[in-house]
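**Student:** Chains as they are written, first to last, in this note's numbering: chain A, 288 to 638; chain B, 357 to 651.
Keep in mind that a hint or two might mislead.
[As the list claims (entries may be wrong)] Simulated coverage check for chain A against chain B, where a stretch passes if three residues somewhere in it have a Cβ under 8 Å from a Cβ of chain B: (1) 415-424; (2) 519-528; (3) 592-606.
Hint data in this document are derived by calculation from the structure and do not stem from the laboratory.
Even glycine gets a Cβ: it sits at the ideal position worked out from N, Cα and C.
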Amino acid sequence: MTSNSPWRVVAAPSTHPGVPHRPRARLLGGRATRPAAVTALVVVGMLVPFVLKDDFILGIFTDSLVYVTLALSYDLSVGRVGALSLAHPAFFGAGAYAAAILLEHQPDAPLVLQVLLAVGTAGVLAVVIGIPAFRLSHLTFGMATLGFALIAELVAQNEVRLTNGPLCVAGVSPLQAGPLAGLGMDSAAQQYEIFLVLAVLTGAFVSALVKSRIGRAYIAVREDEPMAMSVGISPKRYRMSAFTTGAAIAGLLGAFYAHYVSVVCPTNLDISYTVNLLVILFLGGVGGFWGIILAAFVFTAIPEILQVDPSIRLIVYGAALLLGISLLPEGFEGLSRRLSRRHWAPKERDA
Amino acid sequence: MPLFVSEIINGLVLASFYALVASGLAMIFGVVGIVNFAHGDFVMLAGYFFYEFYVVVRLPYLPAIILTALGAAVIGALTYWIALRRLIAREWYTQLIATLALSVLLENIAQKIWSPNAISVATPFTVRSLRLGSAVNVSVQDLFVFAGTAICLLTLWLVTTRTRSGKAMRAVAQNRDACTVTGINIGRMAMLAFVAGTALCGIAAALVLPLQDVYPTVGLSITTQAFVVVIVGGMGSVPGAAVAAVIIGLVDALTAGYVSSAYTDAFGYAVMILVLLVHPNGLFGDRSQRGWVGL
Chain A
288 MTSNSPWRVV AAPSTHPGVP HRPRARLLGG RATRPAAVTA LVVVGMLVPF VLKDDFILGI
348 FTDSLVYVTL ALSYDLSVGR VGALSLAHPA FFGAGAYAAA ILLEHQPDAP LVLQVLLAVG
408 TAGVLAVVIG IPAFRLSHLT FGMATLGFAL IAELVAQNEV RLTNGPLCVA GVSPLQAGPL
468 AGLGMDSAAQ QYEIFLVLAV LTGAFVSALV KSRIGRAYIA VREDEPMAMS VGISPKRYRM
528 SAFTTGAAIA GLLGAFYAHY VSVVCPTNLD ISYTVNLLVI LFLGGVGGFW GIILAAFVFT
588 AIPEILQVDP SIRLIVYGAA LLLGISLLPE GFEGLSRRLS RRHWAPKERD A
Chain B
357 MPLFVSEIIN GLVLASFYAL VASGLAMIFG VVGIVNFAHG DFVMLAGYFF YEFYVVVRLP
417 YLPAIILTAL GAAVIGALTY WIALRRLIAR EWYTQLIATL ALSVLLENIA QKIWSPNAIS
477 VATPFTVRSL RLGSAVNVSV QDLFVFAGTA ICLLTLWLVT TRTRSGKAMR AVAQNRDACT
537 VTGINIGRMA MLAFVAGTAL CGIAAALVLP LQDVYPTVGL SITTQAFVVV IVGGMGSVPG
597 AAVAAVIIGL VDALTAGYVS SAYTDAFGYA VMILVLLVHP NGLFGDRSQR GWVGL
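Model the full assembly from the supplied sequences, consistent with the hints where possible.
**Tutor:** So, in structure tokens, the structure goes:
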């Protein structure tokens, strides 16, 4: 059953004869998820700061973890329900601003309150933008969300009384070790651990969500909208839920990010973040899991290690994305499909 | 009252600019089938071309306009030939990401070549103005913008309705299979539409640059406004885009004059959402959101 659902943003199932179609619900390995291997990976990740004493390298790891969380939450909307939103950094920035502005007025607001406010702001914004945007076609949805992202940046620039405009909301103190936070954010190692925990929690949440009944409904909505509707799954509601959940995770991450960078600026909402995320998602494999995590590390670490000027980085990313997508015969997803075909190579059968 | 009249004139100038840019965008969507997220960046690039021709090379105004349009068309043709022609038969999200990547690429290249600072180009026509009534001035440049837009849209209409290749272009927008059967070269028509769309960007930039600044990041905001116009008008409909351009141009100018100039983009966007809540396919869009309603 191959459909031509316009909301499909992942590679179409294999149509090669003899290759059975397996739905791409293979999270965390799928075929052979080894909880032990994942646990070992997390433990190794936890131990990194004890081996690596270089704050600069550790900072790159932390930034990569921020991108892992962002990309996984972004993929809920792009990969799982096929809604190609271009507003994800706006939700992230909204969360960061919410936490920073709260702290500016109430310096001793508890962390729970900051996180709740950040998640609430991002979630409410997602609902507000989602209601009109999901009325549009798959094509114009991207456009509408981009417009929203631009307006979010305008608000951050111009609502000087709230956001200080281009002067940024500064002086968010690093998270203090407390009964709730457990960990402070004073050293690079502690920052790394906090973002690792966030990334692992997001990964666990996303994989549990996708394997659940809701996750299967997401696949149904993405693959075949009329079919999904015929069994009582409301495409709009499920798309909305994926979009909002992704936004809420981004908002939560934003609250912690505000403590990490201590200054929240309008540039935190910039479109260039969307481009980074698209590169990560589409080169790592939309609707995937480990590929996205790997791509988040590769595409965050390489430019930082090479100390590339951001505008050169964007020229290279833009050219790579454009030429890669148009010159590779089947695009990146074709490449990854060709690689993953080995996994589902047809067993020799009597034909 | 004089303020109101001059805001209306500003709005019509803006509307002319949007009409030129958005009709190219609508045509590219209709014929090529690609949602071109880099459209505003072609305008931005053409703005810098015009600056080079008019200020650096010191050409007279009319040759500078023509060369700017040609320059934009050449860049459009190159982009189409190198990258976009391979995307015609591809999935919509591939096209969308490719043009978004193109937009980022053009913006950052412009930033490297011309620096991130805004430049403005004043022509003698910017300051020379005609008095209307007691206190209202219309600059000669405003009149040039109106005349240039009228000439371009009229030419576009004549070409698409009277010439063989224009009719072929509309045929491609309506039914590609039928075009294959009757021997219309779809690839060539798509290229023609793309080049015409970028040439319109060039003319729009050359007409408006004497009144507005250009800077590398302006492309994205032009793209957004042009999309608002195209969506309000109905995706792929060129006349719809022209009508919507007038609405959005007036809304932008009046809100900028009376409410807040910082949020011009946001007000156009609000109009788009209002229109879509009533007409999900835009004012002139067909139900499939694909296809050309005809000029």
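**Student:** The structure should be examined with respect to each hint, and the outcome stated for every one.
**Tutor:** Each hint tested on the structure:
no.	hint	result
1	415-424	holds (count 4)
2	519-528	violated (count 0)
3	592-606	holds (count 7)
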